[in-house]
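> These are the residues of each chain, in order.
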Amino acid sequence: MSKGVSRRNFLKAGALAAASLAMPNFLARSGVSLTALAAETPPDFNSSLDVYRKHWTWDKTVRGTHMINCWYQAHCAFDVYVKDGIVFREEQAAEYKQLRPELPDMNPRGCQKGCSFSHRMYETNRIKHPMRRAGGRGSGKWEQVSWDDALNDIADKFIDTIIKEGTDRVIWDLGPDINIGAANAAQARLAQLTHSICLDSNSSNGDGHRGAFETFGNVYMERSLEDYFYSDVIIIWGANPIFTSIPNAHFFTEARYNGTDIVCISPDYSASATKADLWVPVKPGTDAALALAICWQIIDGGHVNESFVSEQSDLPILIRADTGKFLTGKDLDGGLDSTFYTAGSDGKLREVDRKSLELEGYKADLEASLTVKLADGKEVPVRTVYTLLKERLSVYTPEAVSEMCGTAPKLIRRLAKMVINAKALSNVSGSSMNKYFHGNLTERAMILIWVLLGQMGRPGSGYSAFGFLANDGWEDYVSGLRIKDRITFGTEIGLDLMWDWMKGETSESFFKKLSTSQFTDPGGNLPIWTSSALFWHVHGGVSELAEQADKWVPDLKKPVKEALHESLEKKWLPLQPPMGKHPRILFHYCSNPLRSVRGSQKLTEVLWPKLSLSVAIDFRMSSTAKQADYVLPAAAWYEVTDHKWVTPLVPYNHVTNKAVEPLGESKPDFWIFTMLAKHIEERAKSRGLDVVESHMGKEIRLANLYQDMTMDGRFGEDDLDSAAGAILEQSSNLSHVSWEEQKETGFVRYNSLGLSPLSIGNAGDLKNDEPFIPLTHHIDGKQPYPTQTRRIQFYLDHPLYLDHDEHLPRFKAPPSIGGDYPLIMTGGHTRWSVHSVWRDNALMQRLNRGQPYIVMGQEDAGTRSIADGDWVRCFNDVGEFIVRAKVITGAQPGQTIMYHSWENYQFAGSGDARSVSPSPINPVELAGDHAHLKIGMLEGQPGCFDRDTRIEIEKLSAEDSARLRQG
Amino acid sequence: MRVQKVNTIAEYTDPAAPGWGSVEVTEIETIPAPLGLQPTEYIQVSWEERPYGALEQASLRAVHDGTSIAIQMIWEDPQPSTGAGEGFPDGAAIAFPVHGEPELMQMGSPEAPMQFVQWQASKKQARSVLAKGIGSTLPGAAVGETATGSWSGGRWTVVFTRSLAGEGESANLVPGSNTQIGIAVWNGSNEERAGIKAVSADWTALALDR
Amino acid sequence: MVSNEPITVLERSICYRGLAEAYRSPAGGVGILDESWIPPPSENAKSEFLEAFAPAVSTTACALYQSAHSNREQTSLYEELIRWYDHFGLQRKAKAELPDHVSVELEFMHFLTYREHVSAGDEHALTTLRRAEKEFLTKHLHPFSVSILGHSETFANRYKYLCLEHELFVRLHLQDFGEI
Amino acid sequence: MTDKRQVAMVIDLNKCIGCQTCTIACKTQWTNREGMEGMWWNTVSTSPGEGTPKGWEKMGGGFRKGKAQPGKLPKQGEFGTAWNFNVEEALFQGDKHDTLGPIGGDPNWGTNWDEDIGGGEYPNSFQFYIPRICNHCTKPACMEACPRGAIFKREEDGIVVINEDHCRGFRFCQEACPYKEIYYNTVTGTSQKCIMCAPRLEEGVPTACSRQCPGRVRFLGFLDDEDGPIHKLVYKYKVAMALHPEYETEPNVFYIPPLAPPSFDEEGNPIDEDRIPMDYLDSLFGPAVGPAIDLLKAEKAKKKAGGESDLMDTLIARNWLDLFGPFTTNPKDVAKTLEERVQNRQG
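Chains as they are written, first to last, in numbering that gives the first Met the number 0: chain P, 0 to 966; chain G, 0 to 209; chain X, 0 to 179; chain F, 0 to 346.
Worth flagging that the hints you see were computed from the coordinates, not collected in a lab.
Errors might be hidden in some of the hints.
[What the hints assert, rightly or not] Just so you have them, the derived chain F footprint on chain P, three or more residues with Cβ under 8 Å:
id	stretch
1	115 to 121
2	272 to 280
3	390 to 397
4	401 to 414
5	886 to 892
Note that this is a predicted model, so its numbers are computed, not measured.
Glycine included, C-beta positions come from ideal geometry on N, C-alpha and C.
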């Protein structure tokens, strides 16, 4: 009997009568009843150390991965260790097969972020209940609401907006982390069933690879990692793989041991440069000059692979001296303006074959120069693209280029020699080039090197731009699984595409048209897309920041705003909703625009006031969720079963399996979108609504939305698993292994590129037991390219390009965006997070500095008497932010580096790293009425630029820093 | 040193108990434990030039009530260290021979072990320790040992209690008979621990009243 | 019933059960805990409960997860608690609350004390169970309860008394152990 | 009597990309219990730099000419305190200006504070990443310093382990270790250190830091296994060498020294002068480092010219499992339970 505790009336009278065990959270592990367990003799216990006797124990492991856009370094199969319904550890599965004895295998994959996701999943910023804001937007005051209340309110506002103002006022802000699996298939189905607008985030992320698009008519070209082992020279250019391709990096360090020369071209002695055999420092944003110097060494030294360029590129094609345009059939004999000509050494013209690159022995004269008689009788001199290019490049001597990009002439010659003598030349591509204003010119100049040398389409040889590989069953599922085979797919879209199909267009150009149609009128039950960059600039007010763009960009022909409006009016670039019609509802799904969009301070000022509803769907609080009206808790990646797109670098479909129940009231995204459709249907019925017309005149069946969404109940809100399986069964490139087996192994190698518009551009034969080489359908198969001249095209005779003297590659100095300030704010993806998902994770922060910092060199810090760790103010004509300084030895004088994806709330004071980047639109990117310069999935849209931003940095006094940090 | 008989030691367990005022005080001199006797070369080398065990003496009082003994020990320590976090705690110990003639400086021997009760500022419970030579301390037999310390005005006052009789390998204290007592003091703020301490150079005779 | 003999082991176990239910839901613990101890729930019981225990809802709320009251990482705290429950043969149900929720820790004490009740007479079992109860209270439940009490001072509703009595009850149980 | 064997590790600094996946693998495997928040039994630092604990190379310990050297007791702040963050206030309750940051004000040191700072001056700066774990030395300074004999070296694999039941938290071991690889747990009052994943090795599973390294940087195996890669790299090719051999503890973790691109003259032209000063590498690895680097360069040139190189093929390790000697099991296939916690059961 215990002494000391006096009997107080803790218990109600009679409570002892019901004196039994009540344990809602537990059951006996051995399966006996709890009362039976209580009766057993207890195990011995002397201290809590006994609890740790069995240190490492688990109930089960499940194959999992992380459904986030790690892009170049995507994806890794993990074993997720579960005990008692809690994930407490994960470790790489590392069971990838070696393809060939001479090639390294892919193991183990994984990185420090993936290996700590279970820690992130349970952190305090996890959202566990639907929340509605209880104060002003961004006030940080929330109230917990039930799913029903939240979804009913959202459904009502959804319906009100559609009826009053139109279906194009509802916007799906889709971030880079959409998985092209079942989760975002549900969102896409809901979008296409309600004709609401999906934002293509690639343009506002600045990942558009504009130069590759202008040259190949397609951005998608990437090899598999094993293929790098066949290169004898690998150039890391516009990328920092040691930071941002952690699971891939061993291929480069191992290739270096294998005798391959690794070259790193970067302004700073970056982490990737430390692993190179030759580091080539270059001034930020001036890489085009260096590339053109190499091109000139190739041409001047007589190293041009003439047969390759004659067959594959537009270099032999004739240009009219008077107009600077291609000589066309229309000019000569009133024929087509899509017929172009080359000339043989005998001076006779030959039509450029639109159906095949095969020359059958014909030899074009690369430097043909003759006069032709036009249909209207005019005599016009014509010359080849090659001749014009040769004249243009002759100025890029090593000595001249050294002035432009700061690289020493001897070093330029040594680099050129290495490139020219390479047997198999490849590049590690990132996405920093197209975050410079003239990034497109840089990439066109880089591609010219590979084309002049014919370094393409062979083992270890080729240019890599944008990597994307997706299942091709997704479109089928989104359009309701009514499209069985690919051909009928054409008829669904419309007859003109069918006619192209008949006319011998390649499947690639066919799908390019399909992807463009999704921005204008998708028909065929596919979602409507619009460029996120255009959306943020026009509706979000970001373009107002670029008012003074003409002061920063010397050769602008007209103010950016005017050029933008002209492009919209002339329908060069479609924008939905059109200018002047305000968006009303914004769903943020897998995206964080207030953190990622350059000049995002404008969004809360201009766009948010227009919104009647902002809904964030995420598993954690973020800068964007803080400003939302509703935050809906999404299940995390070990709490759902689904699969994710990858890139050809690691051509394996990766599957994550549900290891534990979603935390709190969080739900899989699939459930959220399907339930939203159910609530809209119920609310529509109760409000007596049935059919509504979309802004494109399509019948929106609100009263049967849930029925249509679930394909008459086949895929209800709890059928995520079978929906994910159905997508793969529809996929021509992933149905060779059953869905059950794919869930078991967690990864399976693609057995073909498939027909998704997001992968077909790779134009190669992807097999599941061979390294993959892109573009072989063009190089070997002689299939034409999806460009105006059906060739790799360096000459763009579009008026915008001619006006800005960018019809041919050239060097333009990086403009002083943001004003005339001494330091350039370059940037880069960080080692410490993929986008912002891990940026505020405690484990990652403890291995970093816990607070945002800007990297600068010793010299620049010295002249401003800034010491490592000091609080500093970074400012220009557009904005400012305060941050701590990190002074390193490797940064180039004049260069600062603001690494990517700090959340806004991690910055002291009111500004953040985006406040100084106005990102004016580059006028040439507004072209849209051209044979291949038109909008498509993830390509052909205006980009975003922050790497030319100019700033000044000043040390903050103690009082300033205290005052400013209150913000 | 005399252990006065009282009817119960209960009133003496509080370091500031008034009863202690009337108990005879014995000063025991202390010297730094010899460097040469430190069990490892590393400890000798790293404390060669570092002063330690600077305490000169401690004043002790002791009473017993026929079943257990209470010993009050007071010594100068300008800087109290509770050993919170990474710090080292102040400490003190009272040693008695178990049997035979244990050499105090050698911490006894296998044939002549000694038992001591140790107090640390970082812990509430005292610890009984058996020593059979330097570096050989093992948990001692339980002798109902307690120790409560309080610091004020630059001095620690600690009261140890333990039963007179001890089973197994523990030092037996018999009323009316003589035994010996030795002490050790650790100054936490000087990072003193293990063999780095101030010790009584030799045993002090201890006579228990009948 | 008011009397002054000491509380029996069974009564203590049922008190733990009542406290666990009180922290689990707005209407919890009503059937067991005496009104003089904790006033009965008013009509807006739900908002009172959220006002007291949902940090996302009110700035003065007190989170009911031990991880929010200690600087231990969640995953390591979960692992340790799961090992405690596992050591005594308990397994979490699929849809159970997280292992560091105060109602789950109270439920575990309800189980240990109930087991102590049915093990009357088996000295070895009693000492083992009491030693485990003491260690679990010392390492987890008591410091957690003291921290909850600290937060609850600013409460304006009935839960102020629940946190007060809960901490007192746990502290008295801890003092009862003395030296085992 | 089991014959004495020694598990060893070779870490290739040309493949380490400083991503800290090893650090996180170790943290989630071992140092995630009470009092271990600030512990990193595996760390990766950027050299040249202060490293962790801050300025450990100036903290003494180890031996000189066989004689124990006094060492400094590193503080938690020097290892880098485990900052906590005001997530609750900044995200859920905060008014507009509550910044999410470390509680307790602006830190000025952390476990990886000098990441990517490097040495020298642009454009001839230099840096490389160096992972460190306990070296499980053949002559452990920690074992010889402990007055209670609470540290012992296991016969079957040479792993140096602290028996936490005997440890009284005196921390002479922490001072005596010249690599400062021992941490103090203020909650348990005991010293704790890397145990070379002994429970994993006992099940044939590689250590967490080596198996989970995406850079494929770590070779693991027994030093005496003659046809294993470790023996070859350490004894045959002599390209894997001890860090700070002058500490005389005979560490059993060996490093392949780092190569670097050529440095530049005044006009920015590449010259073949070592970008990483050889005297700096000597100060880390001793005089053997020069010939090792020459051999690496020569073997790479052989491969570039189309020739064969057993050394290069060993370092490439095309088949990932070749890195791990006899330890090739996937942990998920191990029995569901790993019995004893090594620390306090042995000895």
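> With reference to the structure, classify each hint as holding or not holding.
Okay, the hints, checked on the actual structure:
no.: 1; hint: 115 to 121; result: holds (count 3)
no.: 2; hint: 272 to 280; result: holds (count 8)
no.: 3; hint: 390 to 397; result: violated (count 0)
no.: 4; hint: 401 to 414; result: holds (count 6)
no.: 5; hint: 886 to 892; result: holds (count 7)
Violated hints amount to a single one, hint 3; each of the other numbered hints is respected by the structure.
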